[in-house]
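Participant: Okay, here's what each chain looks like letter by letter:
2 protein chains.
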Amino acid sequence: MIKEKISQAISILNEEDVDMWMIFGRESGTIPDPAADLVVGVHYTWHSAFMIFKDGDTVAIVGSLDAAELEKKGYYKRIIPYVGGIKEKLIEVLNEKNPSKIAVNYSEDDIMADGLTHGMYLYLKKILSDTPYFERFVKSEKIVSKLRGRKSPTEIERIKHAISETEKIFDEVTKFLKPGITERDVWEFVLDIVDKKGYETAWEREMCPSVFTGEPTEGEAHTGPTHKKVEKGDVLNIDFGLKINGYCSDLQRTWYILRDDEEDAPKIVKKGFKAVVDAIELAAKAIRPGMCGWEVDKIARDHIVSQGFDEFPHGLGHQVGRSPHDGATLLCPRWERYGNLPYLKIEEGQVFTLEPRVRIKGYGTATVEDIIVVTKNGGKFLSSFQRELWLIK
Amino acid sequence: MIKEKISQAISILNEEDVDMWMIFGRESGTIPDPAADLVVGVHYTWHSAFMIFKDGDTVAIVGSLDAAELEKKGYYKRIIPYVGGIKEKLIEVLNEKNPSKIAVNYSEDDIMADGLTHGMYLYLKKILSDTPYFERFVKSEKIVSKLRGRKSPTEIERIKHAISETEKIFDEVTKFLKPGITERDVWEFVLDIVDKKGYETAWEREMCPSVFTGEPTEGEAHTGPTHKKVEKGDVLNIDFGLKINGYCSDLQRTWYILRDDEEDAPKIVKKGFKAVVDAIELAAKAIRPGMCGWEVDKIARDHIVSQGFDEFPHGLGHQVGRSPHDGATLLCPRWERYGNLPYLKIEEGQVFTLEPRVRIKGYGTATVEDIIVVTKNGGKFLSSFQRELWLIK
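If you're matching them up, the sequences are chains A and B in order.
Each step along the first sequence adds one to the number in our numbering, with nothing skipped, and position 229 is 229.
Just remember that our numbering sits 1000 ahead of the position in the second sequence, which is counted from 1.
Everything labelled a hint here was simulated from the structure, so no lab data went into it.
Check before you lean on any hint, since a few could be wrong.
To be verified - Listed next, the in silico DSS-like pairs over lysine-lysine satisfying Cα-Cα at most 30 Å (straight line):
{"id": "1", "chain 1": "B", "residue 1": "1072", "chain 2": "A", "residue 2": "178"}
{"id": "2", "chain 1": "A", "residue 1": "271", "chain 2": "A", "residue 2": "228"}
{"id": "3", "chain 1": "A", "residue 1": "175", "chain 2": "A", "residue 2": "243"}
{"id": "4", "chain 1": "B", "residue 1": "1168", "chain 2": "A", "residue 2": "197"}
{"id": "5", "chain 1": "B", "residue 1": "1197", "chain 2": "A", "residue 2": "243"}
{"id": "6", "chain 1": "B", "residue 1": "1072", "chain 2": "A", "residue 2": "361"}
{"id": "7", "chain 1": "B", "residue 1": "1072", "chain 2": "A", "residue 2": "126"}
{"id": "8", "chain 1": "B", "residue 1": "1125", "chain 2": "A", "residue 2": "87"}
{"id": "9", "chain 1": "A", "residue 1": "274", "chain 2": "A", "residue 2": "168"}
{"id": "10", "chain 1": "B", "residue 1": "1267", "chain 2": "B", "residue 2": "1298"}
To be verified - Distance ranges between label pairs, derived from CB positions:
{"id": "11", "chain 1": "A", "residue 1": "72", "chain 2": "B", "residue 2": "1335", "range": "23 to 31 Å"}
{"id": "12", "chain 1": "A", "residue 1": "14", "chain 2": "B", "residue 2": "1172", "range": "22 to 30 Å"}
{"id": "13", "chain 1": "B", "residue 1": "1180", "chain 2": "A", "residue 2": "180", "range": "38 to 46 Å"}
{"id": "14", "chain 1": "A", "residue 1": "188", "chain 2": "B", "residue 2": "1174", "range": "35 to 43 Å"}
{"id": "15", "chain 1": "A", "residue 1": "180", "chain 2": "B", "residue 2": "1073", "range": "21 to 29 Å"}
{"id": "16", "chain 1": "A", "residue 1": "180", "chain 2": "B", "residue 2": "1157", "range": "48 to 56 Å"}
{"id": "17", "chain 1": "B", "residue 1": "1164", "chain 2": "A", "residue 2": "345", "range": "51 to 59 Å"}
{"id": "18", "chain 1": "B", "residue 1": "1100", "chain 2": "A", "residue 2": "343", "range": "47 to 55 Å"}
{"id": "19", "chain 1": "B", "residue 1": "1343", "chain 2": "A", "residue 2": "135", "range": "24 to 32 Å"}
{"id": "20", "chain 1": "B", "residue 1": "1154", "chain 2": "A", "residue 2": "29", "range": "33 to 41 Å"}
{"id": "21", "chain 1": "B", "residue 1": "1072", "chain 2": "A", "residue 2": "195", "range": "45 to 53 Å"}
Stated by the list, open to error - Partial chain A-side listing against chain B, Cβ under 7 Å, derived:
{"id": "22", "residue": "34"}
{"id": "23", "residue": "36"}
{"id": "24", "residue": "85"}
{"id": "25", "residue": "116"}
All values reported here derive from a predicted model rather than from experimental measurement.
All C-beta atoms, glycine included, are put in the ideal place defined by N, C-alpha and C.
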């Protein structure tokens, strides 16, 4: 997979006309560079430089103790170990290749292309001060974003596998849910299955799954499950994902807990849930390569508002892959905190979640999160789109 | 523990005469700030600012979906949620407090104080461009280093617990070792115990434990265990640590596999092992608050060389705590790649590993790594210092 991604990176360097892309860092176990998952694939301890060139060459300069592991993997054509310091070897390689544009991982907008710490930036500035190379640095945003976005068939298969295992667990949850159990009980139930199967959650276990039942009391997302009890008349939603073979799912599902005298959910609950489902459907139909993320977000957002509900306080969707938030291009509104992200162009082969939410006063929050891959003709669902509200008797 | 560390941080801000320390970042699950482990204690998704003031005040500005979790924890006096962007709220707080020195997490030398990515640095520069505050940024190195180094009694107890559980596993390994098994067998054996006990390794499982038997063929450290077989006449070493309740151990032990006709290890093996042990002993006796790290490193390094062995290609030791490489002050030589680290002053209460190594030609590598806490009278061992080579019949 790493070799596949390195060769994709070389193509992208040619498309973008950038001579070299460098991942530079240290102690990857402490501050990992998210792009290293794609094209490095080993841990490194001392200052390390992983360099991919437009001409197809690949060079890694690493501390002497890390060289063996990297040799064993065989991802890089040349591995240069050092003991005292990286400066001399780095300048040697730069002098030899003389790249006129050097993409480096920093980005205000895309965390996946922002692996270089400010301290390492200053360090590079210092050790390259007598050379012309520091002045040739450009942001690697576009390279990283294209590389992460373009899912290979193997990558799509892995994502689908993580999704289908997640859906199996949701089916178990449907059998388990009943009035009187707590959010925390559901959380434990899910993690028990995860552990038995030897899987890993897609994000921190404390909030994976997130479980919310009834009217929100403690905030509506990003909080761990509480001891709040599931009650009749609750709308209950779960946000959950798995990471299997390095690839993630990220799905949300909504249930309604019927009251004794009910055979179906109340009208307003059905209306709220339908607003969510229709928003997803409209967005999935409309999405095309070349659109900006905000345009797709707006379709879903406007629909929800047109149905009389508050707009959701977050983007419509994000990419999924090695990470549950996988790369720059987002389906999100043009809010300050999103920087340039809403304006990035959607590409074919990118994989997005669609996850609008609706607060239904007196009942809880309805959310559905499904996953599509972008094709020329719109979004193709990789997950089993939840079109119907799931009822618990 | 977080509250304890926040109040330590306030004291340190007063010692250093810095008005405010800010941790700034986003998506802590993707690029964690190592200092956030000490004084944040929750995950955050959107741009977030965690501010600790010399006057004892604490303020967190986080995305609206993260606020509830943080409220629940109660670490920060004021929690300010936002939806659109952090800029306005951040400037409001800065205007209100008007700090004249603002410590921010970037450092060329200390990764533990280098959590701010260069992209986030540029973002802060941009959103604060109409204010005087960006010009007031200083490096947080000293604050982070003091905060991380000063282990509280609870922290020492946790480290000791991780150490003693690690030592129990080494005892199991001694019973398991025999000629014919592979490095990978030992690795699996150790991880089986780790999993059965429900523990977590201190660093990535692939190399925790690291196992090296006999003459090195594929590099001497930082490589995962191979299918190389343990043979009679091998010196075998293991580098291993656990993380329990958030605190780490990091120990190395050495065994010798006796040949059929041997009752003891060959003279040269014993000499090499003794050089390692004596180097540790000398360093532990000599270390004092106020010394520079390189001075302690030199004592051990010189001793090894005086015994006719090559000097080790790394520092004598590093701090241990929440992370197996826990903070700036290092016991290391004055090599370029260590920057200013060898010159930092050792403080009372800091916890260091001591881990010299000796290559014994024809046999393998002898390493011992033990852990001391610095006191006024020298280093006090927190681990059961391995003074004798362990023999396998």
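Participant: Look at each hint and say if it fits the structure.
Facilitator: Tested hints:
A C-alpha spacing of about 26 Å is found between residue 1072 of chain B and residue 178 of chain A, which places the hinted pair at or below 30 Å, so the restraint holds. At most 30 Å may separate the alpha-carbon atoms for a hinted pair to count; residue 271 of chain A and residue 228 of chain A meet this at roughly 25 Å. Simply put, residue 175 of chain A and residue 243 of chain A have alpha-carbon atoms about 23 Å apart, close enough for the 30 Å limit, and the pair holds. For the hint pairing residue 1168 of chain B with residue 197 of chain A, the CA-to-CA distance comes to about 28 Å; that is within 30 Å, so the pair holds.
At most 30 Å may separate the alpha-carbon atoms for a hinted pair to count; residue 1197 of chain B and residue 243 of chain A meet this at roughly 23 Å. Taking the CA atoms of residue 1072 of chain B and residue 361 of chain A, the gap is near 23 Å; set against the 30 Å cutoff, the hint holds. This hinted pair does not check out: residue 1072 of chain B and residue 126 of chain A have alpha carbons roughly 44 Å apart, beyond 30 Å. Restraint check: the Cα-Cα separation between residue 1125 of chain B and residue 87 of chain A comes to about 28 Å, which is no more than 30 Å; the hinted pair holds.
Of the pairs offered as hints, the one joining residue 274 of chain A and residue 168 of chain A holds, with about 23 Å between alpha carbons and a cut-off of 30 Å not exceeded. About 26 Å separates the Cα atoms of residue 1267 of chain B and residue 1298 of chain B, which keeps this hinted pair within 30 Å; it holds. Distance hint for residue 72 of chain A and residue 1335 of chain B: a CB-CB separation of about 26 Å, consistent with the stated range 23 to 31 Å. Distance hint check for residue 14 of chain A and residue 1172 of chain B: the Cβ-Cβ separation is about 54 Å, which falls outside the suggested range of 22 to 30 Å.
Taking the beta carbon of each, residue 1180 of chain B and residue 180 of chain A are about 57 Å apart, not inside 38 to 46 Å as hinted. For the pair residue 188 of chain A and residue 1174 of chain B, the supplied restraint of 35 to 43 Å holds, since their beta-carbon distance comes to about 38 Å. For residue 180 of chain A and residue 1073 of chain B, the hinted distance range of 21 to 29 Å is satisfied, since their beta carbons lie about 28 Å from each other. Range check, residue 180 of chain A to residue 1157 of chain B: Cβ separation about 40 Å, and the 48 to 56 Å hint is violated.
Distance hint for residue 1164 of chain B and residue 345 of chain A: a CB-CB separation of about 56 Å, consistent with the stated range 51 to 59 Å. For residue 1100 of chain B and residue 343 of chain A, the Cβ-Cβ distance of about 38 Å falls outside the hinted range of 47 to 55 Å, so the restraint is violated. The beta-carbon spacing between residue 1343 of chain B and residue 135 of chain A, approximately 30 Å, falls within the hinted interval of 24 to 32 Å. Roughly 24 Å separates the CB atoms of residue 1154 of chain B and residue 29 of chain A, a value that falls outside the hinted 33 to 41 Å.
Remark: the range hint 45 to 53 Å for residue 1072 of chain B to residue 195 of chain A is contradicted by a beta-carbon distance near 25 Å. Annotation: interface hint on residue 34 of chain A holds; nearest CB of chain B at approximately 5 Å, less than 7 Å. Proximity of residue 36 of chain A to chain B is violated relative to the hint, the smallest CB-CB distance being about 11 Å (cut-off 7 Å). Among the interface hints, the one on residue 85 of chain A holds; its C-beta lies about 3 Å from the nearest C-beta in chain B, closer than the 7 Å criterion.
Against a cut-off of 7 Å between C-beta atoms, the interface hint on residue 116 of chain A holds, since the closest Cβ of chain B lies about 5 Å away.
In the structure shown, a violation is registered for the earlier hints numbered 7, 12, 13, 16, 18, 20, 21, 23, in ascending order.
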